[in-house]
Amino acid sequence: MSKVRGAVVIDTEACKGCNLCVVACPTDVLKLHEHVNLKGYNPAYPANHDACTGCKICALVCPDMCFTVYQYKPEKSA
Amino acid sequence: MTTSVLTPEEIIKKGKVVFKKTKLINDVPLSYCPGCGHGVAHRILMEVVEEMGIWEDTIGVAPVGCSVLAYDFMNIDMQQAAHGRAPAVATGIKRVYPEKYVFTYQGDGDLAAIGTAETIHACNRGENIVIIFINNGIYGMTGGQMAPTTLEGMRSSTSPYGRMVQTMGYPIKITEMVAMLPGVAYATRQAVHEAKYVRKAKNAIKKAFENQRDKKGTSIIEIVSNCNSGWKLSPVEANKWLDENMLDYFPLGDIKK
Ligand SMILES: Cc1ncc(C[n+]2csc(CCOP(=O)(O)OP(=O)(O)O)c2C)c(N)n1
Ligand code: SF4
Ligand code: SF4
Ligand code: SF4
Numbered sequence: 001m002s003k004v005r006g007a008v009v010i011d012t013e014a015c016k017g018c019n020l021c022v023v024a025c026p027t028d029v030l031k032l033h034e035h036v037n038l039k040g041y042n043p044a045y046p047a048n049h050d051a052c053t054g055c056k057i058c059a060l061v062c063p064d065m066c067f068t069v070y071q072y073k074p075e076k077s078a
Numbered sequence: 001m002t003t004s005v006l007t008p009e010e011i012i013k014k015g016k017v018v019f020k021k022t023k024l025i026n027d028v029p030l031s032y033c034p035g036c037g038h039g040v041a042h043r044i045l046m047e048v049v050e051e052m053g054i055w056e057d058t059i060g061v062a063p064v065g066c067s068v069l070a071y072d073f074m075n076i077d078m079q080q081a082a083h084g085r086a087p088a089v090a091t092g093i094k095r096v097y098p099e100k101y102v103f104t105y106q107g108d109g110d111l112a113a114i115g116t117a118e119t120i121h122a123c124n125r126g127e128n129i130v131i132i133f134i135n136n137g138i139y140g141m142t143g144g145q146m147a148p149t150t151l152e153g154m155r156s157s158t159s160p161y162g163r164m165v166q167t168m169g170y171p172i173k174i175t176e177m178v179a180m181l182p183g184v185a186y187a188t189r190q191a192v193h194e195a196k197y198v199r200k201a202k203n204a205i206k207k208a209f210e211n212q213r214d215k216k217g218t219s220i221i222e223i224v225s226n227c228n229s230g231w232k233l234s235p236v237e238a239n240k241w242l243d244e245n246m247l248d249y250f251p252l253g254d255i256k257k
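In the order they appear, the protein sequences are chains D and X.
According to this note's numbering, the residues represented by the first sequence are 1 to 78, in order.
According to this note's numbering, the residues represented by the second sequence are 1 to 257, in order.
These aren't lab readings, by the way, just hints derived from the structure by calculation.
Just so you know, not all the hints are guaranteed correct.
Stated by the list, open to error - No more than 30 Å apart at the CA atoms, straight line, and that leaves these computed lysine-lysine pairs for DSS-like: (1) X:Lys232 with X:Lys100; (2) X:Lys257 with X:Lys207; (3) X:Lys173 with D:Lys31; (4) X:Lys232 with D:Lys56.
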């Protein structure tokens, strides 16, 4: 089975904890952290990272440009 | 059956970068409230400029309003204009540098209230510029006062019982108004509160810059956005409210193309 996998890196200090990425992610990867960053916001983090597909939806809705998104497509074995 | 055993760290190492922040947005904290649509609008605008390879030939005009500091965030040449006067300033810049790409970035208080005359006359002259118009239905920066775009019944700090059209008039659809002017090549209304709308809005901005390249006249892109602080809602609630209330009166799509 070849499954597209994704991963995100979040700029935790730029994050303002708005929660928009959390509700937008179709596979419920993201959550807000219980601890705050230096600005006092609860930053987003990939709590369920294995479910990420690299679809970029989080990055498209994030107003603070916190996301870098990676995608890995395994070679299809015949 | 093979299970997917890659860890996120391995995916980051082996995989492709499918999204990263455009280099045309500076690495400074944006001054906007959490969840404000201005950030998304800034990003797609700068992504278009980057993808078209025109960053050395693009001059932006920032407004008065929450995006007054847009020149700090966008890594291109920019000028700041007095409240509402961005289309007049952009007119001057474009006429001195006709080969440059010139855009304005304005809120609804800026573009549709104090700057109504500049907006209409720049469009009527068919100035070959791009106007990015962020409609969040309110004056964000100054504390959520009623704007010409505030919906009927919508509460603001100066319409605490809701906008009453009998005394305060109707929300103005300025993009439809200027669309009827022959100088306007392209008038469209977009949004940025969901990924599918963000993609469409970016395409619209690209088309507007292509129009300017092809000397077609004025292109205006309205972006229906949120002001969660002014609306006194959380960012997620504000986007839901926008979706359920703003889009009936301000329907999305091309008005003139
Ligand atoms: C000549 C002048 N009049 C009034 C103001 C005060 N003022 C600053 S921002 C603003 C409204 C901005 O609202 P909008 O354009 O909708 O932008 P937003 O902040 O919502 O993004 C006003 C009235 C000013 N700076 N200059
Ligand atoms: S890339 Fe897609 S799946 Fe991964 S965290 Fe973002 S929205 Fe969720
Ligand atoms: S959308 Fe961006 S700023 Fe908002 S919580 Fe997610 S990462 Fe943070
Ligand atoms: S006041 Fe409103 S428009 Fe201004 S940054 Fe905050 S949410 Fe955005």
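Original post:
So which hints don't hold here, by number, going up?
Top reply: 1 and 3
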